[in-house]
Amino acid sequence: MEEFASDTDSDYASYWRDWFISSKGNEYFCEIDEDYLTDRFNLTGLNTEVQYYQHALDLVTDVFDMEVDDDMREQIEKSARHLYGLVHARYIVTTRGLAKMMEKYKQGVFGKCPRVICESQHLLPMGQNDTANASHVKLYCAKCEDIYNPKSSRHNQIDGAYFGTSFHNILFQVYPALVPVKTQRRYEPRLYGFRVHASAALMRWQEERRDEMKERLRARGMDTGFDAEEEEADEEGDGEIGDEGEEDGLDDMFEVGGGMAQTQIVQ
Amino acid sequence: MANADVPTLEIVIDYTCDRPHIDIKNTAKLAQRMNKNFAPAEDDFTRGEFDQEIDELSEEEDEEQAIIPSDADKDNQAEESGLVIRPGITRGLSAAFEKACRIDEVALDEELEMSSSSQAAETWINAFCSLTGHEYFAEVGEDFIEDDFNLTGLQSQVPMYKEALEMILDVEPEDATDEEDDEEEDDEDDEEMQVMDRGYPDAESRAAARRHLRLASDLSVIESSAEMLYGLIHQRFITSRAGIQQMAEKYEMGHFGHCPRVYCHGAKVLPVGCSDIPGQETVKLFCPSCLDVYTPPNSRFQTVDGAFFGTTFGCLFFMTFPDMDVGGTKPPPPIEASASTPTSQPPMPPQPGPSSHPHPTQQAYPQPDMINGVTPKNLAPGLGPGNIYEPRIYGFRVSEVSKTGPRMKWLRSRPADINELDECRMWAESQEAALTPAQLGDSEMVEENEEIDDGEVEDEDMAVEPNGEEVDGEAQEGDYAQLREVTTQRKKTGRRRNRSHDVMVNGSGGGTAVRVGDGG
Ligand SMILES: [Zn+2]
Ligand SMILES: [Zn+2]
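From first to last, the protein sequence lines stand for chains D and U.
Using this note's numbering, you'd call the opening residue of the first sequence number 1 and step up by one each time.
Using this note's numbering, you'd call the opening residue of the second sequence number 268 and step up by one each time.
Among the hints, a few may not be true.
[Unchecked claim] Output of the computed footprint for chain U on chain D, the stretches with three or more beta carbons under 8 Å from beta carbons of chain U:
no. : segment
1   : 111 to 125
2   : 145 to 156
3   : 173 to 179
4   : 186 to 194
5   : 205 to 215
6   : 224 to 231
I should point out that these hints are in silico values taken from the structure, not numbers from a laboratory.
Values in this document were obtained by computation on a predicted structure and should not be read as measured data.
Backbone N, C-alpha and C define an ideal beta-carbon position, used for all residues, glycine too.
Input sequences plus hints: build the corresponding full structure.
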């Protein structure tokens, strides 16, 4: 890990990349190593994707020294950012890139899941497309396995292709220990303490799907990935009094599948 | 005459007791005024764009901080109007007193009259609701508060209830205190009285001392009590006709923001509490499109108590407005070339939701107009096929049986054929097919829960609909009632009786059913 932390190319002044990384709104990006950028193999195919490709690459690698007018400069600047993003999508699925992004993930740089039940689970940036200009970056929560819009409008402008559709899934494959324990707890809409039929029926249906899945996994001898205590509670809840929370639990809007309403969300 | 508006403050100067004092009311107003004067930045903040501009990292947070006036600011501001006022801070009061005493009574009255006539009086409620972070609150009508029925039980929940209520209603406290210094007060002020009794034997000086005590240390207590009381009244108000209407307007205008979930496509959210007891949870946002709750994007709302919105409001709201379109606006799919190809579908009535993924089974079964009391298009439109995130690596789906495979799809699922949620019908069908032990065994687990629920239902004495009418198969009575009875061998198969525990709510065309004490 250390070799990544102390940047190999810190002796060079990576002027442009330093500037780019530290610009406001670019917090999601990690720094691409100099040697990754200078290996042409890693850039295969990008010359057709990026205008003024060579100038842009020169700028990113701090070797751009041409005298150009402001308009042109701006064009090249824009191309350089685009190029950086496209290379970034490739870089972050390399060992080094994954490690850097994992560090940022641990620090919560990408924000926290807005879903109350996920209890501030850290997020990862992702794209819904691997092609540029198709969609903006989204944030993936590994706890609820859903994707969310970034809170900040600045981050909402970033192209999702700069992170890609695979990165976040690869990260958890490479670091399976980072996969959070899933929870069966959920919000239950209530009216004067009573569940509402329409949503309750849907939730029962969903929970049947969940239990089917758990059966499939168990049949293969696999871990379901859910909180063990919850599962126990769930099992008991099926059999015996599932609704003991009902009298004092009118305020407990969060339920484990079997009706045990004991767990409160703590801020 | 002690009630006035300078310009938004209410200052009560009491010369009647041997040690005159100044009573400053409505510190919320003060804070409000400070906001206006010292932080015009607040105006830049557009409601409804919360989730957009919010929490743009620490920088904006700092800006928010700046809105809260410092003590120095307050002093400056107050000096303009000739008084030094430090609301709620004891040490400031002697200075305020000295200054105030230099102004003679008549002059003061004139001054106050002038200022109040020149400016439309702003009520405490206005001020409270326009404070930063209070954007979700509705303005409770004074007539609602003045109806004692609406306040039933709140007296015991709020310290200094009477004073707090007076503050909310902008009522000057003097008259009330003098006239009826009786039972009501005694009840609330027991504690206070005990303190009093030690040093002040006779009633008059006791009363004076009480007022003084109140002035000094209780002002901030009253203020926070008033906020608590307002919140609790608010919880009730927004489930009243007028309140829910007001919230509907705010909802439609997007004051509460939008669901952060990508597949909800910007569905509007509603503030809700996850507890009805204050002090437990902060306010959350309920999304009707995915039936989930989210933390407000801006940290300013993390000081707002969820109980001030309550657990019932969210449900009641969407039941009250069953025709309100709760789905977000799905963007035209120009980008995703392959997977989703929603051709322009004619808006057929039985079309289940805005899901642009025409699932084969949807075509196979006609979709009902109502399912369990809700129109299918308003039943979690952000869930189901096409609205579930599918993890992929280099274009290949990550398998469920992979160690890091998806485990949570159920949470965002919804049957393609919405009839699957008609539990009663499903059950009846399975029973009609054959009453085999195998099938019974399957439902036995549920049955026990249901037995317990049954008892509870009777305890709760909820309005059951025992009208014994025949209902058609698509009706919303769906319930395990039959299941319960049959599995306990009290009934036979094939019957369609409407002995339902669903509670009909709100007279919304009989289209709304509350499932009572459901067993999950
Ligand atoms: Zn989550
Ligand atoms: Zn949603």
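Verification of the supplied hints:
1. 111 to 125: With 4 residues in contact (Cβ-Cβ under 8 Å with chain U), the coverage given for the segment 111 to 125 of chain D holds.
2. 145 to 156: As far as the segment 145 to 156 of chain D goes, the hint holds, because 10 residues have Cβ atoms under 8 Å from chain U.
3. 173 to 179: As far as the segment 173 to 179 of chain D goes, the hint holds, because 3 residues have Cβ atoms under 8 Å from chain U.
4. 186 to 194: Check passed, 8 qualifying residues.
5. 205 to 215: n = 6 at 8 Å, threshold three: holds.
6. 224 to 231: Check passed, 3 qualifying residues.
Comparing the model with each earlier hint shows no violations; every hint is respected.
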